[in-house]
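**Q** Chains A and B supply the protein sequences, listed in that same order.
Once you know that position 118 of the first sequence is 118 in the UniProt record's numbering, the rest is easy, because the numbers rise by one and skip nothing.
Once you know that position 193 of the second sequence is 193 in the UniProt record's numbering, the rest is easy, because the numbers rise by one and skip nothing.
Treat the hints as calculated values from the structure; they're not laboratory data.
Any given hint could be a false lead.
Given that identical chains are not distinguished, each listed pair holds provided it fits within a single copy or across any two copies.
[Unchecked claim] List time: in silico EDC-like cross-link candidates among lysine to aspartate or glutamate, alpha-carbon distance up to 20 Å:
hint, residue 1, residue 2
1, Lys-123, Asp-141
2, Lys-234, Asp-105
3, Lys-214, Glu-233
4, Lys-214, Glu-80
5, Lys-213, Glu-81
6, Lys-213, Glu-235
7, Lys-123, Glu-112
The residues making up each chain are set out below.
Number of protein chains: 2
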Amino acid sequence: MSEINKERNYTLTSFDKVRIVMVNTTEPGNIGAAARAMKNMMLSELYLVAPSNFPSAVATARASGADDVLSSATVCSSLEEALVGVNLVIGASARQRNIKWRQLDVIETCSEIQSIASKENQKVAVVFGTENSGLTNEELDLCSTLMTIPGNPEYFSLNVASAIQVFAYQNYVSTLEGGFENTPGELANFDDLNSFYKHLEQALEHIDYFDAKKPQSLLMRRLRRLFGRSMPEKEEVAILRGILNKINPYNP
Amino acid sequence: MSEINKERNYTLTSFDKVRIVMVNTTEPGNIGAAARAMKNMMLSELYLVAPSNFPSAVATARASGADDVLSSATVCSSLEEALVGVNLVIGASARQRNIKWRQLDVIETCSEIQSIASKENQKVAVVFGTENSGLTNEELDLCSTLMTIPGNPEYFSLNVASAIQVFAYQNYVSTLEGGFENTPGELANFDDLNSFYKHLEQALEHIDYFDAKKPQSLLMRRLRRLFGRSMPEKEEVAILRGILNKINPYNP
Numbered sequence: 001m002s003e004i005n006k007e008r009n010y011t012l013t014s015f016d017k018v019r020i021v022m023v024n025t026t027e028p029g030n031i032g033a034a035a036r037a038m039k040n041m042m043l044s045e046l047y048l049v050a051p052s053n054f055p056s057a058v059a060t061a062r063a064s065g066a067d068d069v070l071s072s073a074t075v076c077s078s079l080e081e082a083l084v085g086v087n088l089v090i091g092a093s094a095r096q097r098n099i100k101w102r103q104l105d106v107i108e109t110c111s112e113i114q115s116i117a118s119k120e121n122q123k124v125a126v127v128f129g130t131e132n133s134g135l136t137n138e139e140l141d142l143c144s145t146l147m148t149i150p151g152n153p154e155y156f157s158l159n160v161a162s163a164i165q166v167f168a169y170q171n172y173v174s175t176l177e178g179g180f181e182n183t184p185g186e187l188a189n190f191d192d193l194n195s196f197y198k199h200l201e202q203a204l205e206h207i208d209y210f211d212a213k214k215p216q217s218l219l220m221r222r223l224r225r226l227f228g229r230s231m232p233e234k235e236e237v238a239i240l241r242g243i244l245n246k247i248n249p250y251n252p
Numbered sequence: 001m002s003e004i005n006k007e008r009n010y011t012l013t014s015f016d017k018v019r020i021v022m023v024n025t026t027e028p029g030n031i032g033a034a035a036r037a038m039k040n041m042m043l044s045e046l047y048l049v050a051p052s053n054f055p056s057a058v059a060t061a062r063a064s065g066a067d068d069v070l071s072s073a074t075v076c077s078s079l080e081e082a083l084v085g086v087n088l089v090i091g092a093s094a095r096q097r098n099i100k101w102r103q104l105d106v107i108e109t110c111s112e113i114q115s116i117a118s119k120e121n122q123k124v125a126v127v128f129g130t131e132n133s134g135l136t137n138e139e140l141d142l143c144s145t146l147m148t149i150p151g152n153p154e155y156f157s158l159n160v161a162s163a164i165q166v167f168a169y170q171n172y173v174s175t176l177e178g179g180f181e182n183t184p185g186e187l188a189n190f191d192d193l194n195s196f197y198k199h200l201e202q203a204l205e206h207i208d209y210f211d212a213k214k215p216q217s218l219l220m221r222r223l224r225r226l227f228g229r230s231m232p233e234k235e236e237v238a239i240l241r242g243i244l245n246k247i248n249p250y251n252p
């Protein structure tokens with residue numbers, strides 16, 4: 001199989017629909033290495049949530065020729081801010097958690113991304129946590145899917161830029177495979193879902209659903225997982241909102 | 001899908017048969033990062049041909065918990081020395097060359113490695129050149145196959161440790177045999193779901209959700225599809241039933 005032929009097959013635009021989000025990155029070298037990893041694999045949209053040190057000469061040096069990715073990076077103060085307008089939020093995590101997230105390995109994730117990105121205007125964010133501890137549970141709550149990278153069960157400690165490299169490579173390879181299925185209707189975006197969850201929580205408070213036995217945050221997390229897994233369409237979220245309005249109109 | 005199930009499928013020994021060879025590496029940080037990338041993907045055999053600076057505190061720091069890979073690394077003075085006993089020598093290179101090497105992309109390379117490594121005593125070396133210019137023609141002459149990593153045709157400048165990361169990941173993935181199964185909690189069965197939908201419909205009637213504008217059966221169908229897509233577990237259906245009970249207890 002010829003490299004050249006393969007390279008002609010990618011759908012250029014699908015790369016523009018994938019946003020890499022790095023949360024609380026402490027080492028500027030990792031930001032630079034991530035930019036380089038991204039550009040090698042055709043990705044360019046980098047969001048940095050509260051980086052410890054950016055811009056930084058160390059980041060620029062490590063970026064090598066990918067300093068354009070750094071200079072066009074968007075710095076945000078919160079993860080929510082970095083996710084505005086995104087239709088599918090994927091959190092990178094090595095660990096299995098007790099609470100059931102929808103979990104896909106990186107290959108499955110990338111083929112799903114291809115299908116999402118095949119629709120005009122649909123965007124995907126892949127979120128990478130801080131160096132030592134990864135994404136917090138609160139950050140994972142904002143993700144509808146958890147992406148795992150397979151590897152050594154006895155030592156799994158991928159550097160964050162290496163994880164981005166693996167993802168970006170796999171995403172590139174997945175674009176070479178063609179045959180994207182179209183998802184049904186337009187997917188709800190992060191904002192739609194987030195305000196649906198807020199409305200849901202408010203309505204459940206209104207009907208006195210929460211009680212002392214089970215912590216509210218845990219129940220909300222399970223409900224987010226449940227709805228997140230089905231990747232609701234905009235229209236479906238509107239139906240759900242209509243139900244909630246009957247229970248309790250939303251007053252944010 | 002359970003990471004654990006997948007991880008049990010690799011053929012342990014095949015990892016021991018893959019040697020990573022880094023030639024004339026100038027930055028010790030790259031040697032450390034390579035060790036970390038390798039260990040994450042079950043590789044442990046590292047050969048260093050005339051490194052500029054090794055051992056080095058910088059390499060050890062970047063290796064994170066993979067300093068065992070560094071301390072067992074073999075330092076050689078020539079590439080020939082690093083290839084003794086190897087059955088297949090693969091050179092990593094981004095470029096197409098005029099001279100016709102046998103060229104495989106990284107996926108094809110890894111599946112070939114699996115087939116070589118399945119024979120007892122057969123070893124493979126994957127050779128990575130110096131940071132700025134990669135493998136020289138003389139070094140490539142010692143390789144029987146050239147491995148390319150697909151990527152951005154306009155900017156291809158993978159860091160050497162990143163290239164090792166991509167190879168090691170792809171090699172790991174290639175060892176995984178089939179069967180990535182989803183093993184969540186116990187899934188709700190048809191009866192659970194069916195009585196949940198009946199309860200849901202009754203509760204929606206109770207709150208006067210349905211109106212003349214939209215047919216009730218159509219709305220129920222959309223809700224079924226939405227919940228059905230997420231393949232709810234028994235426990236999740238129980239949570240949803242708890243919510244419905246607060247709205248309207250079920251009287252079938």
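**Q** Each hint should be assessed against the structure and marked as holding or not.
**A** Here is what the structure says about each hint:
In this assembly of identical chains, the alpha carbons of Lys-123 and Asp-141 lie at most 20 Å apart only when taken from the same copy (19 Å versus 45 Å across copies). For the identical chains of this complex, Lys-234 and Asp-105 are neighbours neither inside a copy (26 Å) nor across copies (24 Å), given an alpha-carbon limit of 20 Å. Only between protomers do Lys-214 and Glu-233 lie at most 20 Å apart by alpha-carbon distance; the minimum there is 18 Å, versus 30 Å within a single protomer. Neither within a single protomer nor between protomers do Lys-214 and Glu-80 lie at most 20 Å apart by alpha-carbon distance, with minima of 26 Å and 34 Å respectively.
Taking the shortest Cα distances, Lys-213 and Glu-81 never come within 20 Å of each other, neither inside one copy (33 Å) nor across copies (37 Å). Taking the shortest alpha-carbon separations for Lys-213 and Glu-235, only the inter-copy value of 16 Å comes in at or below 20 Å, while the best intra-copy value is 34 Å. With identical chains, the CA atoms of Lys-123 and Glu-112 are at most 20 Å apart within one copy only, with a shortest distance of 12 Å there and 36 Å across copies.
The structure is inconsistent with the numbered hints 2, 4 and 5, although it conforms to all the rest.
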